[in-house]
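> Residue 218 in the numbering used here is what sits at position 218 of the sequence shown, and the numbering runs on without skipping anything.
List time: in silico BS3-like cross-link candidates among lysine-lysine, alpha-carbon distance up to 25 Å:
(1) 99 / 156
(2) 24 / 61
(3) 24 / 99
(4) 156 / 61
(5) 207 / 218
(6) 99 / 61
(7) 208 / 218
It is worth saying that the hints were derived from the structure and are not from the lab.
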Amino acid sequence: MDGFSQFTLVVLAIAVVTVFMGVKTVPQGYEWTVERFGRYRRTLRPGLNLVMPYIDRIGHKLNMMETVFDIASQEVITRDNAMVRADGVVFFQILDAAKAAYEVNDLDRAILNLTMTNIRTVMGSMDLDELLSQRDAINARLLTVVDAASTPWGIKVTRIEIKDIQPPQDLIDAMARQMKAEREKRAVILDAEGLRQSEILRAEGEKKAIMLDAEGRKEAAFRDAEARERAAEAEAKATDMVSAAIAKGDVNAINYFIAQNYVGALKDIGTAPNQKLVLLPLEASSVIGSLAGIAEVAKEALQKQRQA
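Kindly generate the complete structure, drawing on both the sequences and the hints.
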């Protein structure tokens with residue numbers, strides 16, 4: 001009876017062990033490969049899976065989630081022989097667990113080395129200026145090359161990003177001096193443009209002022225000429241009237257005309273700015289006679305108005 005109990009316990013233990021060996025629980029985000037007698041058999045998906053105990057075994061446990069690796073900083077020689085240091089990151093995801101497990105040995109190291117060598121290749125084919133200004137183009141070229149090279153491994157490279165590009169310190173100093181000189185050049189150009197614009201505006205202002213002054217003088221000359229023309233017309237009309245009166249034998253009219261011009265001439269002489277004292281021999285009888293003529297003309301004009 002004791003022997004039978006021991007045998008039962010052994011069989012029960014073997015059965016429990018067999019069940020545990022035949023049931024596999026794969027966590028989410030992972031896939032396991034199954035090998036039978038050392039040969040790949042199938043891939044276990046996340047969840048509860050059954051395998052043949054004692055015959056099948058788990059070969060590789062692969063992480064199917066997107067993974068990121070840091071690319072160590074390395075020296076790169078550009079096409080124009082400038083030495084720079086660059087580092088980056090690579091993002092990839094396993095799509096085929098069997099290929100990732102059996103097509104390449106040490107997948108992580110293979111991806112890192114592949115990315116590093118292609119960084120040197122891509123960046124080494126560019127000039128320093130392109131290297132510093134076209135980082136997106138570098139990332140795109142790296143992604144295309146590395147993804148194509150790693151496709152047989154059952155993985156998908158989703159992104160490659162260059163984190164930092166460090167030129168030598170002397171080159172950084174030279175770039176800083178060049179940038180400073182460029183900024184100073186732009187400042188000088190802006191100052192010259194401002195001075196030029198101000199000179200143009202000032203010249204235009206002076207031109208407009210001269211034009212306005214010329215227009216004013218032209219208008220004033222026109223007004224003076226018009227005034228002189230009207231004065232001449234009035235003088236001519238008065239002369240015609242006096243001439244007509246003389247022709248009729250009216251002596252008072254000519255006395256009026258002579259007296260008016262005589263008095264005007266005396267006024268101009270007396271108000272001259274370069275004379276303080278004027279001594280002229282005057283014939284009082286002529287002036288009085290002229291004034292008398294003026295009085296007679298006025299008297300006749302008043303009589304005609306009363307008769308009218």
